[in-house]
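Asker: Take a look at the letters that make up each chain.
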Amino acid sequence: MIEIDNITKIYKLGDTEVRALDGVSLKINKGEMVAIMGPSGSGKSTLMAILGCLDVPTSGGYRLDDEKVEGLNDNQLADIRNRKIGFVFQQFNLLARTTALDNVMLPLTYGGVRGKERRERTEEALQKVGLGDRMHHRPNELSGGQQQRVAIARALVNSPSIVLADEPTGALDSKTGAEIIGLFQQLHRDLGQTVIFVSHDPFIARHTERVIRLADGLIVGDEKIEHPIKAGTPRPSEMALAEEAHK
Amino acid sequence: MNFSESFRTALRALAANKLRAILTMLGIVIGVGAVVALMAVGRGATAAITSQVQGIGANLISIFGGRFRQGGQPTIGVVYYQDYEALHKGLKNVAGIAPEADQNGTITYGKESLTSQVTATTPDFAKVRAYEVERGRFITEADRAHKARVVVLGAQTAKDLFGGLSPIGRTLKINGIGFEVVGLLKSKGSSGGFGNADQIIIVPLETGYAKLAGANSVRNGKLLLSSISLSAASAEVVDEVMVQAERILRRQHKLKLTDDLDFSVLSQSQFLSALSTITTTLTLFLGFIGVISLVVGGIGVMNIMLVSVTERTKEIGLRKAVGAKQRAIMLQFLIETLVLTFIGGVLGTLLGWGISQLVSLTGQLQPQVDIATIATAFTVTAVVGLLSGLYPAFRASRLRPIEALRYE
Numbered sequence: 000m001i002e003i004d005n006i007t008k009i010y011k012l013g014d015t016e017v018r019a020l021d022g023v024s025l026k027i028n029k030g031e032m033v034a035i036m037g038p039s040g041s042g043k044s045t046l047m048a049i050l051g052c053l054d055v056p057t058s059g060g061y062r063l064d065d066e067k068v069e070g071l072n073d074n075q076l077a078d079i080r081n082r083k084i085g086f087v088f089q090q091f092n093l094l095a096r097t098t099a100l101d102n103v104m105l106p107l108t109y110g111g112v113r114g115k116e117r118r119e120r121t122e123e124a125l126q127k128v129g130l131g132d133r134m135h136h137r138p139n140e141l142s143g144g145q146q147q148r149v150a151i152a153r154a155l156v157n158s159p160s161i162v163l164a165d166e167p168t169g170a171l172d173s174k175t176g177a178e179i180i181g182l183f184q185q186l187h188r189d190l191g192q193t194v195i196f197v198s199h200d201p202f203i204a205r206h207t208e209r210v211i212r213l214a215d216g217l218i219v220g221d222e223k224i225e226h227p228i229k230a231g232t233p234r235p236s237e238m239a240l241a242e243e244a245h246k
Numbered sequence: 000m001n002f003s004e005s006f007r008t009a010l011r012a013l014a015a016n017k018l019r020a021i022l023t024m025l026g027i028v029i030g031v032g033a034v035v036a037l038m039a040v041g042r043g044a045t046a047a048i049t050s051q052v053q054g055i056g057a058n059l060i061s062i063f064g065g066r067f068r069q070g071g072q073p074t075i076g077v078v079y080y081q082d083y084e085a086l087h088k089g090l091k092n093v094a095g096i097a098p099e100a101d102q103n104g105t106i107t108y109g110k111e112s113l114t115s116q117v118t119a120t121t122p123d124f125a126k127v128r129a130y131e132v133e134r135g136r137f138i139t140e141a142d143r144a145h146k147a148r149v150v151v152l153g154a155q156t157a158k159d160l161f162g163g164l165s166p167i168g169r170t171l172k173i174n175g176i177g178f179e180v181v182g183l184l185k186s187k188g189s190s191g192g193f194g195n196a197d198q199i200i201i202v203p204l205e206t207g208y209a210k211l212a213g214a215n216s217v218r219n220g221k222l223l224l225s226s227i228s229l230s231a232a233s234a235e236v237v238d239e240v241m242v243q244a245e246r247i248l249r250r251q252h253k254l255k256l257t258d259d260l261d262f263s264v265l266s267q268s269q270f271l272s273a274l275s276t277i278t279t280t281l282t283l284f285l286g287f288i289g290v291i292s293l294v295v296g297g298i299g300v301m302n303i304m305l306v307s308v309t310e311r312t313k314e315i316g317l318r319k320a321v322g323a324k325q326r327a328i329m330l331q332f333l334i335e336t337l338v339l340t341f342i343g344g345v346l347g348t349l350l351g352w353g354i355s356q357l358v359s360l361t362g363q364l365q366p367q368v369d370i371a372t373i374a375t376a377f378t379v380t381a382v383v384g385l386l387s388g389l390y391p392a393f394r395a396s397r398l399r400p401i402e403a404l405r406y407e
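Chain order of the listed sequences is A and B.
Take the first sequence: its letter number 104 is residue 103 in numbering that gives the first Met the number 0, and every next letter is one higher.
Take the second sequence: its letter number 230 is residue 229 in numbering that gives the first Met the number 0, and every next letter is one higher.
Some hints here could point you the wrong way.
Per the computed footprint, the stretches of chain A lying under chain B, defined by three or more beta-carbons under 8 Å from a beta-carbon of chain B, are [stated by the list, open to error]: (1) 42 to 53; (2) 63 to 77; (3) 80 to 90; (4) 104 to 110.
Please keep in mind that the hints were generated in silico from the structure rather than gathered at the bench.
Each residue gets a CB set at the ideal place from its N, CA and C atoms; glycine is no exception.
Construct all of the structure, not just a fragment, from the sequences and the given hints.
Answerer: The structure is reproduced here in structure tokens:
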């Protein structure tokens, strides 16, 4: 469970201050599938970095699974990321020339898992994303969709509390993107995995159960989606989406 | 994340980018190799010069008539065979002493003819001047007693007269008198210093007096010598032997304490001190080249480490995102750099050694690969590599993961 309270993040660019987040409070329950949406510059990436403990807020409180996160030092944050958070990035961020197996194994290695257990959990994670037969392939031998699956397996391998996906379909064609979203939906449905999407795309966001809208560093909308779009549904016209957004 | 795990992670990271690893290593290989080879060749050159000079004769002292004085008229004088006898009897701490009576002569064999100095001397000459016999024998006391017409030739002289033929047992003519060649001397190489040591013709002293010099060899009823060469028992006693020799000759020549000396006693010491200046300069020069190659090699290593680690800022960000602590990152890069510098250092040493072997094939000099140089080159490149590799790794490991991930 995620609870943030009045989070601000201020960047200094020369003499000017940029308030990327300007007092954001939010609660996300275990097992939710949430999209954080907003145009570029709205602060959604900053919010994701803070939720993922990749960055620290300027002020405000953050509790993750009832554990206080604010004020932790660099190594403690690394530990939190290792145990509780899985990341999926737009550009996959796999280690080049390294097999899928070794890539997925990485969080376990840093988490101190050894030997047979590490191997089994790695293989299990790869099977979950449908890459049981591609374990020894290197990123350059895999398609974009397969690379993103490796990244998802890496995010899942430590059984994290939350999986944070930052524009996970941004670098993929729409068909492959739909497959990836389908995979997230399946992981959410079958494993009860908490998933947080960050996206600027309303269509992608509508695949989740809850859409939180950000603009200018503030939450401007928090909407429950009763019937999330099923992955693979053709994208409606931009007009229809825009209409939807204004409802 | 324990050490062995870090080690495996580092090796995996190196194996994942072999080209980058090899290029990084290449800088170290060339840096270390250049230093090792340069220093080895330099030490070889120094050794070659020193040994050639010592080849003239170890701890050699030369005595001859007359004396140069700075800013004045030279004193004219001669040394006699009796002086040699007195020295032979009176001197202590002497390894060998040889009188020399030099004459110019025309040497012919068949159609070959040359004019050269003929040295009439005693068997000690070989020891004093550090000659070794290649084939046959040196002159003997028996040759002296019989005034035997035998001759020992230097390597170059033998080649000039006989070409490829073996000179032993053949008869050549000196000023028209037949001499049998009984010995051939080993080549000393193109020894620097006083003429070519391999162009020499040696006959027994008494034969020289009787057959070659004739009336020229006598003055005031005494037999003349061109010079007396002797070698002190060790370098430490050279000065002492010189003083002794001077005292004995002063008495022989009946000089009063106030009289100027009419002979000279010279050692190699002046020459040796000049030599040591030369070799010191050479060593300094080489050290300087070594330092420059180290600096150049070090800058190469620094460059490639800075670039290759900075380029991996994103990778460091990813590793941190999935839970790597600063210590784990630093350990990984420390091990990577150590492995690279170690393998690079070993390969560089082999390269330097190989170059030295190639140089030695030319036959001009024998390079000496030196442990201290290897250790220094190794250490300096390793330290430079470590610092320049760890600095960007340290910087990246301290970045917030989000900044490292966004690094382009």
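Asker: Could you run down the list of hints and mark each one as holding or not?
Answerer: A quick look at each hint next to the structure:
1. 42 to 53: Contact hint for the stretch 42 to 53 of chain A vs chain B: holds, 3 residues under 8 Å.
2. 63 to 77: Coverage by chain B holds here, the residue count being 3 at a Cβ distance below 8 Å.
3. 80 to 90: holds (count 5)
4. 104 to 110: n = 5 at 8 Å, threshold three: holds.
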